[in-house]
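There are 2 protein chains.
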Amino acid sequence: MKALKIPEATVQRLSIYSRFLERLDKKGVITVSSGEIARGVGVSPAQVRKDLAYFGEFGTRGVGYNVKDLIHYILKILGLTKSWPVVLVGAGNLGTALTAYKGFADRGFKIVGVFDNDLLKIGKRIQDLEVMPLEKIPAVVAEHDVKIGIIAVPIGAVQNIASILVDAGVEALLTFGPVVLDVPEHVVVRNVDLAVKLEILTFNLVFRDLQSVL
Amino acid sequence: MKALKIPEATVQRLSIYSRFLERLDKKGVITVSSGEIARGVGVSPAQVRKDLAYFGEFGTRGVGYNVKDLIHYILKILGLTKSWPVVLVGAGNLGTALTAYKGFADRGFKIVGVFDNDLLKIGKRIQDLEVMPLEKIPAVVAEHDVKIGIIAVPIGAVQNIASILVDAGVEALLTFGPVVLDVPEHVVVRNVDLAVKLEILTFNLVFRDLQSVL
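If you read the sequences in order, they're chains L and U.
Position 121 of the first sequence, counting from 1, maps to 121 under our numbering, and the rest follow consecutively.
Position 29 of the second sequence, counting from 1, maps to 29 under our numbering, and the rest follow consecutively.
Simulated from the structure, these hints should not be mistaken for lab results.
Not the full set, but computed from the structure, chain U residues with beta-carbon under 8 Å of chain L:
| # | residue |
| --- | --- |
| 1 | A9 |
| 2 | I16 |
| 3 | L80 |
| 4 | T96 |
| 5 | Y101 |
| 6 | K102 |
| 7 | R107 |
| 8 | E171 |
| 9 | P178 |
| 10 | V188 |
| 11 | V192 |
| 12 | E199 |
| 13 | I200 |
| 14 | T202 |
| 15 | L205 |
| 16 | V206 |
Subject to a maximum C-alpha distance of 16 Å in a straight line, what follows is the list of computed EDC-like cross-link-like pairs (lysine to aspartate or glutamate):
| # | chain 1 | residue 1 | chain 2 | residue 2 |
| --- | --- | --- | --- | --- |
| 17 | U | K197 | L | D106 |
| 18 | L | K102 | U | D193 |
| 19 | L | K50 | L | E8 |
| 20 | L | K121 | L | E135 |
| 21 | U | K197 | L | D193 |
| 22 | U | K197 | L | E8 |
Computed far set for chain L versus chain U, every beta-carbon distance over 10 Å:
| # | residue |
| --- | --- |
| 23 | V29 |
| 24 | A53 |
| 25 | H72 |
| 26 | V112 |
| 27 | G123 |
| 28 | K136 |
| 29 | A139 |
| 30 | S163 |
| 31 | I164 |
Think of the CB as a built atom: it goes at the ideal place given N, C-alpha and C, for glycine as much as any other residue.
Looking at chain L on its own, in the form it has when it is part of the complex (with noise of 0.2 Å):
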């Protein structure tokens, strides 16, 4: 496959699209145009057309593209043909939450670790973990390969933490709230801001009247 560059507005579209594809390959659909995944996304056609372009021709002229090829192709560009294990540090409330989230199982993520660093917390059980001290971190990163770690802790004390698990072998860390990190070159950083998605609400509540968003 040739390098490509393909913008992260469209990897997320991507991830978007697949989980509509899924709903429609459980209801037996066989094909799929892009307006019937435009309307069922909330975006143009025109934009699911050019996201799917990025991946050379796919689909038929007047048949729409095959909905199961589709979600596989999705998923292996997304790194999805596989299952990911993930650790979490931070057994808070975000943490806890995080643990019992439906949505990462779905899509083969598996929290295999929940650390943290107050006695109170270490030997709980949340799910079916049991909340581990920070120093089992480099074991059990080494033990299940994990490449992804998720930091669900104050503000604070995130930059530490990236750092314990980027030294474990951890290359991609989601972080949440507004933290700037220093990692290195190779480490993936992606930051949930929630205050974000309440600002783009916002922005729609203001302009609505004045233009539609894409």
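Given chain L, put chain U in place with the hints provided.
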């Protein structure tokens, strides 16, 4: 102002630019170039210029943008020159984490009511808020003129809560997890699907040797 058609990805980046600009402002920085913004937030300078160009001519060639002006303008676009009262439904782990989320107050979002239908939770205090029964939603929404609701309840209950909020007058909803809502046309819904964020990580892990993502 003429009708704008701004891609949602741009809105999201504006939100992120404004955070970076606020950090610069705190350091006493007066002007900034698109290149500096780009490096600060990890996108290309062309992307920054394109995003800001949606709002007409800004900045002075060779001098750059005035930091304070740019912050003010972006906040105005995002609807953040006022503060927004928010109601939160669901006082479980996720809801509790959200009430403590530092990023909201910084951006003018104030949670004015937390609701749950669990008798064991009603009456408990989370931060400085007492958890109220769902029946109180209409009164609180009316009293504070709330337009934004955050839904942090189990997937199966999300649609019902959305309907209650919309009936009470809420016009923008933030949901979590893989849900699809049926709400009236005028209601703005955005969803945080944390698995999508993990998929952006796996995409990058799988493809980073083959390409550089924007």
